[in-house]
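Number of protein chains: 2
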Amino acid sequence: MKIETKVANFTSPLYLESGRILEPYSIAYETYGVLNQDKSNVILVCHALSGSHHAAGIYEGDRKAGWWDGLIGDGKAIDTQRYFVICSNTIGSCFGSTSPMSPCYPSIKPYRLKFPVVTIKDMIQAQKQLLSSLDIHHLRAIVGGSMGGMQALQFGVDFPNFADEIISLAATYATQPWTIGFNKVAVEAIRKDPRFKNGNYDIDDFKEDGLDGLAIGRIAGHISYLSPNSMDDKFGRNYVANDGLFELFGRYEVERYMEYNTANFSRLFDPLSYLYIVKAINTFNLTRGYDTLYNAILRIKAKLHLISFKSDYLFFPSEMEHIHKMMQRNSQESTYLEVDSNYGHDAFLVEIDKFEYRIREILK
Amino acid sequence: MKIETKVANFTSPLYLESGRILEPYSIAYETYGVLNQDKSNVILVCHALSGSHHAAGIYEGDRKAGWWDGLIGDGKAIDTQRYFVICSNTIGSCFGSTSPMSPCYPSIKPYRLKFPVVTIKDMIQAQKQLLSSLDIHHLRAIVGGSMGGMQALQFGVDFPNFADEIISLAATYATQPWTIGFNKVAVEAIRKDPRFKNGNYDIDDFKEDGLDGLAIGRIAGHISYLSPNSMDDKFGRNYVANDGLFELFGRYEVERYMEYNTANFSRLFDPLSYLYIVKAINTFNLTRGYDTLYNAILRIKAKLHLISFKSDYLFFPSEMEHIHKMMQRNSQESTYLEVDSNYGHDAFLVEIDKFEYRIREILK
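Residue numbers (my numbering), protein chains in the order written: chain R, 115 to 478; chain P, 115 to 478.
Among the clues, some could well be false.
[Said to hold, decoys possible] Cross-link-like lysine-lysine pairs, in silico, BS3-like; alpha carbons within 25 Å at most:
1) R:K415 / R:K321
2) P:K424 / R:K424
3) P:K190 / R:K306
4) R:K311 / P:K311
5) P:K190 / R:K321
6) P:K306 / R:K311
7) P:K439 / P:K190
8) P:K178 / P:K190
9) P:K439 / P:K424
10) R:K311 / P:K178
11) P:K439 / R:K321
12) P:K223 / P:K311
13) P:K178 / R:K306
14) R:K306 / P:K439
[What the hints assert, rightly or not] Which chain R residues stay away from chain P? Per the calculated CB distances, all over 10 Å, these:
15) D152
16) T289
17) S341
18) T397
19) K424
20) H436
21) D467
Hints listed in this document are in silico derivations from the structure and should not be mistaken for laboratory results. All C-beta atoms in this analysis are idealised placements derived from N, C-alpha and C, irrespective of residue type, glycine included.
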């Protein structure tokens with residue numbers, strides 16, 4: 115599969131939920147497969163906090179495939195021999211779409227903290243504009259996990275006739291204080307890092323040594339993406355061989371994992387983007403804009419498919435089940451699957467073999 | 115109850131598990147109630163990570179009572195009309211016992227990072243020395259929660275004939291990687307804070323503005339002390355009234371709680387002490403020094419009482435139940451109670467009314 119990132123540029127304003135506008139704006143995206151003549155084979159895939167539009171395939175010269183490559187491709191559950199798959203980088207993210215480090219028109223200086231707060235509603239508005247620009251006005255399905263699952267749900271509520279099927283994995287109807295608490299570690303660690311300079315860092319400052327605050331915040335993230343069982347399976351109480359048990363900074367394997375992964379991450383991800391996306395996750399609430407959650411969910415006309423993971427400690431299965439029960443009470447079409455996984459929230463990325471059969475069934 | 119902190123000074127060495135020694139050393143402690151003639155009414159209470167020897171009563175002019183005041187006092191579950199209660203500040207903690215900021219004899223300069231790593235085993239050795247100095251050689255009971263519960267268990271294993279009853283709450287047989295992960299946030303946030311200066315900070319530096327790294331690490335701590343349900347009950351998705359929903363740094367109530375509590379904490383607790391105590395918690399493993407966990411637990415001769423909390427997300431009830439099952443398999447005397455609480459790990463401090471009846475029964 116030949117992979118190429120495209121960028122769509124918009125000169126018309128994007129009206130944000132906050133009342134502010136984003137103008138102009140750009141959206142980076144990738145497509146896989148071929149659009150059929152009546153444009154009836156389009157699937158939109160939505161990414162999570164640290165993801166990007168690079169959902170599948172391998173770039174030339176690269177070694178790592180897109181984040182859902184196990185699910186998207188020829189003959190895979192989201193079959194690119196049948197479907198035309200689109201994945202775009204969300205507004206606010208640092209991988210090519212308009213974000214806090216984009217120039218604040220008419221200036222050529224970046225927005226930084228002047229960037230408007232964006233929400234999940236805004237992210238899907240932007241994606242809708244992208245689809246319109248491609249002359250796509252109806253989707254076969256919208257699929258996403260975590261923050262991507264939020265977008266899928268929000269699409270279902272805000273644009274009831276836009277997709278036939280909504281598949282939301284490892285998400286919720288509204289971000290709970292437990293998750294906002296985890297995000298708070300990152301917010302404070304980034305803000306209080308002197309190298310963050312209240313957002314006035316040089317964009318190249320973190321190429322070699324990532325921002326510590328982002329790495330520290332990401333440790334809390336990793337805890338919430340894993341689970342007590344998956345950590346036990348993965349690391350146990352193993353100690354790093356060369357570290358002494360009685361050295362203050364000697365490390366357990368789990369500590370080395372956290373250090374290594376978060377240091378890498380802090381070199382690759384923009385701290386301002388992280389703050390803005392975390393804000394979008396925190397403010398996610400299907401109810402906002404409608405009187406009640408019941409009223410919001412009542413709007414959904416697509417078939418809704420909810421997939422949760424038993425050991426998810428970030429968005430608990432009960433949160434997804436809550437949506438399903440509400441749908442059922444209203445006789446709206448809804449299915450619910452709780453995947454038996456030890457892998458925690460990350461299961462939607464790493465245990466694809468446990469649920470790809472379900473995606474296949476839905477898209478048959 | 116008149117409360118007074120005493121300090122016991124020891125000139126003989128404390129032999130540490132690491133092979134290093136601590137010499138001289140001091141232990142701050144408090145006692146409540148009156149020692150009877152045959153010294154058969156002594157109860158040792160052990161504190162948690164951020165606790166101290168001030169377990170009960172109110173200091174003159176102070177407003178806040180000791181951390182287990184609801185449990186310890188005249189007519190209370192740990193009845194000071196009957197029992198002589200001792201609570202000492204652990205070695206390494208910053209409230210009066212020898213710690214990283216104590217002078218490194220013969221120098222008058224503080225140890226800082228030269229302070230030896232101390233373990234739960236070392237903490238109880240030190241307490242045993244304190245008791246010896248008070249000519250107390252047998253205890254009616256040892257009671258503690260969280261790190262205090264670890265100490266109680268370790269006492270039971272290392273000194274099988276020392277106490278009649280061991281009451282351990284909200285603890286484990288060995289700290290699991292999930293918990294080590296939470297602690298890692300604090301370790302990295304403290305280490306990477308420039309004001310930490312690799313441990314060479316001025317002791318007065320944090321009186322006004324606490325160390326940010328400690329505050330950030332403590333946010334992760336608070337998450338692990340609460341539970342999804344308790345956060346939902348306490349904060350819901352309420353937004354701080356004066357913050358705008360679409361302000362990047364506008365806050366949910368849960369975020370304000372985290373900010374407020376952790377900022378206070380960072381002014382009161384020494385960062386080096388925090389690192390050393392977290393290390394003691396991470397390295398806690400009843401098995402160490404014995405061939406197997408089975409062999410370690412087989413040593414326990416006291417009646418063991420294990421109390422866990424249903425919603426504890428730091429030390430899961432299953433960890434305590436594991437010890438109980440092992441005890442039962444060996445026909446050792448053991449009781450197990452899982453308290454039905456939504457309050458998370460903190461329940462051992464804040465939901466005393468839910469388990470004090472059990473402590474009362476045990477000590478009858």
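Problem set entry | Non-conforming hints, listed in increasing numerical order | Per hint list: 1, 3, 5, 7, 10, 11, 13, 14, 16, 17, 18 violated.
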